[in-house]
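A.B. asks: Okay, here's what each chain looks like letter by letter:
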Amino acid sequence: MKKLEVLATRREDRGKEKAKKARKSGMIPAVLYGKDMKNFLLYVSSKEFTGKLHKREAKSSIISLNVDGEKYNAILKEIQYHPFTYAPLHIDFHLIRMGQPVEVTVSVNLIGEPVGVKRGGILEFETRELDVKALPAKIPESIDVDVSELEIGYFVKVKDITPPKGVEILEAPETVIALVAGAEKEEVAATEEEEEKEGEEKEPEVISRKKEGEKE
Amino acid sequence: MLMPRKVKYRKQQRGRMKGNATRGNTVAFGDFALQALNRGWLTSRQIEAGRIAITRAVKKGGKLWIRVFPWKPVTKKPVETRMGKGKGNPEFWVDVIKPGKIIYELGGIPEDLARNALELASRKLPFKTRIVTRIL
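Chains as they are written, first to last, in my numbering: chain G, 2 to 217; chain Y, 227 to 362.
So here's chain Y without its partners, still in its complex pose:
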């Protein structure tokens, strides 16, 4: 699963996710892409589940680009622990997704196959998505 190799700080604050994606919001590498329409945290497990769904559907040929990376550590306190005594330990990694962000891109395969694969991947994601092609 995806996670950073090196980090400057082990723990991060949760932050806000206002606005739309101003970068990474157009199809840049492939021909078809899956675009987020809502906002949320995308965990490394979800990214991986989507990737597996796509590679299984495509079977042979084509190229997949993953346009997101889980940079953000999320901490959790152990169960049945009293409040206090500091922040919990990092448990998993997420990427902050804003509306418009391209998650996966596919190229080198026919349109119907690409749409089917991206549709399957979209069911693994925690927000509404749509399939987009290049603007021009």
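Bound-form chain G, shown alone:
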């Protein structure tokens, strides 16, 4: 488990106009909420964000929020990004109690080069993050999955992983984490198929019309 110290200031302003102005001046609107507390609004500087929160390990770290001198232990619940500039718009912090288990997202780390890849297969990394439940002190930084023995056509599922002690994986046991697929067919074959298809291009079937025809 990693601990990050993040500086924040209380925010009294509400509304999108003020939020826009704040973002322009380098402050990101945020909120802290949790059980048995009244939520309150915050500002986090974009320097704090890029240096500490905009990292993969931040999702599975405990964040020690320093709000004008008061300290709160929280986890990063959500970061909203702009649709294409990917600039951070808003951050959600969730207050945690150190003695109570929390649900967090932990990244999966693949270890080794699969045997199947050496034979021409392609490694497909399907599930890059796992939801886990653990006490805050036992949250792993990442979950390592050994894929070095994977042959072409074989996969690793959630049920194949042994989580660290005190950590419960919440994902469905049948979820595939990684697989080694056979190499895709050569492109020449694909283009030939397409040319055939182009010749016989038709209009799609109209669902409503078919039903009318059936009634008649």
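Be aware that one or more of the hints could be misleading.
Capping the alpha-carbon separation at 20 Å, the derived lysine to aspartate or glutamate pairs in DMTMM-like fashion look like this [stated by the list, open to error]:
1) G:Lys25 <-> G:Asp14
2) Y:Lys286 <-> G:Glu114
3) Y:Lys298 <-> G:Glu152
4) G:Lys158 <-> G:Glu169
5) G:Lys60 <-> G:Glu79
6) Y:Lys286 <-> G:Asp14
7) Y:Lys289 <-> G:Glu79
Derived by calculation from the structure, the hints in this document are not laboratory data.
Given chain G, work out where chain Y should sit, using these hints.
C.D. replies: Same frame as chain G, now just chain Y:
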């Protein structure tokens, strides 16, 4: 070329394309992606041209995801026809692309090869694009 197998109605109105892409705007499957920065109609021919450009550049290995599908039929009146007499016939299929939409994703290949392939594909598309990687 891509087109729907079944449709509820043969013809559609043109519609507006306001705002940004709120869905399908992050890299979800591969490692590198081509993201639209403008808006427009992306025809099935353009999607196919981009796909061919990528598969030719990549040659072997890697996996490609196409994150768009041409759901929208576009009609045209025949040439030298007088106005009126109803809407024209469906001619081609498009997808409405808004800024931020991810068009192609590539995975399982080195970064330089992926960037080269996506760059070639971007020249087949009718709007500005950029190459993006995963946010986190």
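A.B. asks: Which numbered hints does this structure break?
C.D. replies: Numbers 3, 6, 7 - these are the hints that the structure violates, sorted from lowest upward.
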